[in-house]
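> Sequence:
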Amino acid sequence: MTQRGGDHDLNDDRHGASFWGRWRGNFLTGLVVVAPLYLTVWLTWSFVSLIDDKVARLIPSGYNLQEYINIPGYGLLVFALFTALMGALAKNFFAAKLIGFGEALLDRLPIVRSLYNGIKQIAETVLVQSKTSFKKACLIEYPRKGLYAIAFISTSARGEVLTKSGRDDLLSVFLPTTPNPTSGFLLFVPRADVIELDMTIEEAAKLIISAGLVTPDEVRKTPARKPARPLAPAAE
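Going by this note's numbering, the residue at position 233 of the sequence shown is 267; the numbering climbs one at a time, nothing skipped.
Just to be clear, a hint being listed does not mean it is correct.
[Said to hold, decoys possible] Under the rule of at most 25 Å between Cα atoms (straight-line distance), these lysine-lysine pairs were calculated in the DSS-like manner:
#	residue 1	residue 2
1	240	170
2	88	154
3	154	131
4	240	169
The hints are simulated quantities; they were obtained by calculation from the structure and are not laboratory data.
All of these numbers come straight from a predicted model, not from anything done at the bench.
I would like the entire structure built from these sequences, with the hints used as guidance.
Structure (structure tokens):
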């Protein structure tokens, strides 16, 4: 009877451990699904609310629709329309001259000049990055031979880099860091040392951000490898 009681307690312990193990696994899986969704919604709503609040203060009292009806995103819409209008004016010759004159005035103010130039540089960098994109995901041997890292091919090397290197086959490659792919290293790699991947840029970015946990399901274009040759039978 004592032995049966011990077996019963052991089974209960195993059942409890199994239950908590499954619960922990389900919780972590749910966290991976819910956390990005929640953060995305929260950040988006916070951004819209911030723009609404700032823009609403600049609209004259009689023209602010928020005084009569609460319209989520109204301030963001006004901001977008104002920005588009400024962009259209900037394309006009006379407006461009006016903007240039204003920038010249700001350039004479020491503190304001540094602040304006810094913000303008950031905005121009973001605009350039939005118009250009990486061509291909690839593998390169890094940080030493035999170890591989995922990188992105930007373009072929040009100018002084190509001339002073003494090579004509260098590729400009961006090697991102994990889990933040916005930082990384710019490398100039011989074309022969770059292994192009069939996965898309987005799939490669997910692989980097997830530290290898999110992997593309299949390779699309790479032909199947030929089966290895059978080993020759050992001589008797």
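> Hint by hint, note whether the structure agrees.
Each hint tested on the structure:
no. : hint         : verdict
1   : 240 with 170 : holds (14 Å)
2   : 88 with 154  : holds (20 Å)
3   : 154 with 131 : holds (17 Å)
4   : 240 with 169 : holds (16 Å)
In this structure, none of the earlier numbered hints is contradicted; all agree with it.
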